Amino acid sequence: GENVEQHPSTLSVQEGDSAVIKCTYSDSASNYFPWYKQELGKGPQLIIDIRSNVGEKKDQRIAVTLNKTAKHFSLHITETQPEDSAVYFCAATFKAAGNKLTFGGGTRVLVKP
Amino acid sequence: GAVVSQHPSWVICKSGTSVKIECRSLDFQATTMFWYRQFPKQSLMLMATSNEGSKATYEQGVEKDKFLINHASLTLSTLTVTSAHPEDSSFYICSARVAGALQAGELFFGEGSRLTVL
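As you go down the protein sequences, you meet chains A and B in turn. For the first sequence, the numbering used here assigns the number 113 to the last residue and increments by one with no breaks. For the second sequence, the numbering used here assigns the number 118 to the last residue and increments by one with no breaks.
These aren't lab readings, by the way, just hints derived from the structure by calculation. Every value quoted in this text rests on a predicted model; they were computed, and no experiment measured them. It cannot be assumed that every hint is accurate.
Under 10 Å between C-beta atoms, here's a sample of chain B residues computed to sit facing chain A [stated by the list, open to error]:
id, residue
1, HIS7
2, SER54
3, THR57
4, GLU59
5, ARG97
6, PHE109
Each residue gets a CB set at the ideal place from its N, CA and C atoms; glycine is no exception.
Pulled out of the complex, with its shape left as it was, chain B reads as follows (with noise of 0.2 Å):
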């Protein structure tokens, strides 16, 4: 099945200091691939949309200038944190649809990235 790889799988930094999480399609491409976040025992939340080539789409409620995501190529998508603070701790996930994938869905899933801010 298609692998979606995310790394660092966790992180410490200090408050005030950026961040990158990585997000790659191992043995597909993907020409979107979506941020989550996901605090402490709740959902899934979408951050944003992310498609090779152009900039990304944030939801409603999400910072752009906070959260940088930039998607260079078909298989690796990332996002910055920039002057993270305890409340950007959370655990991020990424996802990623197949380029070509005729139907909703077929997305898979990171394993996540655990982000502590001290």
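Bound-form chain A, shown alone (with noise of 0.2 Å):
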């Protein structure tokens, strides 16, 4: 089955600065990487997702890449604001699959003022 590692587990930054979170992906067959954002006590909200078959897209001060070669993509956030404190999770998956997600383990960001 597909397996999923994030890096770092925690991050901290200056505000201003820049966040990049990593993450590899065992399976190749997988086509699909959102990334999504949990605040303390509620669900994920997706914030940025990419399919296979584009190398990069940006939402304003967000962005991932990916390298479907080295199966690995990462989130880039500009910018950092203090509201960008939170986990971030990233997944994949393929439609063969049955659309399950498979998560990394995530990484608490710390945007300190």
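Combine the two chains into a complex, taking the hints into account.
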């Protein structure tokens, strides 16, 4: 089955700096890679996703890159703000797997003002 | 955007009782819903896949008689934790897949239900 590794487990950045979270996956059939932000006591919220037919996607301060050959994808947050503090999860899936998401272990991001 | 609602958002119960958690897709139909549990400071662990009109598919190690799942309509799935014990205390989260979604993904998550068993 699919296995997703996520690093780092914790990340502390100064407000205004960039944050980068990296994930690797094992199953080359995976073709959909979402990123979720989870605030304390709440469910995960989709913040950005990327499909295997593109290498990069950007939405304002958030961007995701995908390297299919190396089987890794990354989340980039620029100009971080205190409200970006949360736990971020990457995930991977493909349709033949019934859309079952395999999650990374999560990254706790703290943006210091 | 698509909204998934869970109820209750938190529940406290006595050991040995059963607790039902509802997951509703409010503005779309969902043929498939997924149930996860999340322990403190850990990732989401898939428990089962709930399919409308058929039996749920459970992940390895998840007791189907302990965690009863019913997906009676295209907008509602329920998870019942039977004879709950303190070790069942966790954050339970559902997600729903838009019916007819052609590609992988398009999953929307509920806000979660925190279960505390005394």
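Hints versus structure:
A cut of 10 Å between beta carbons decides the hint on B/HIS7: the least distance to chain A is about 13 Å, and the hint is violated. Using the Cβ-Cβ criterion of 10 Å, the hint placing B/SER54 at the interface with chain A is not satisfied: the shortest such distance is roughly 13 Å. Taking 10 Å as the C-beta cut-off, the interface hint given for B/THR57 holds, the closest approach to chain A being about 8 Å. Here the hint on B/GLU59 is kept, as its CB sits about 9 Å from the closest CB of chain A, short of 10 Å.
With 10 Å as the threshold, the beta carbon of B/ARG97 comes within range of chain A, its nearest partner Cβ sitting at about 5 Å, so the hint holds. Evaluation of the B/PHE109 hint against chain A yields a held restraint, the C-beta minimum of about 4 Å falling below 10 Å.
Checked against the numbered hints given earlier, the structure breaks hints 1, 2 and satisfies all the rest.
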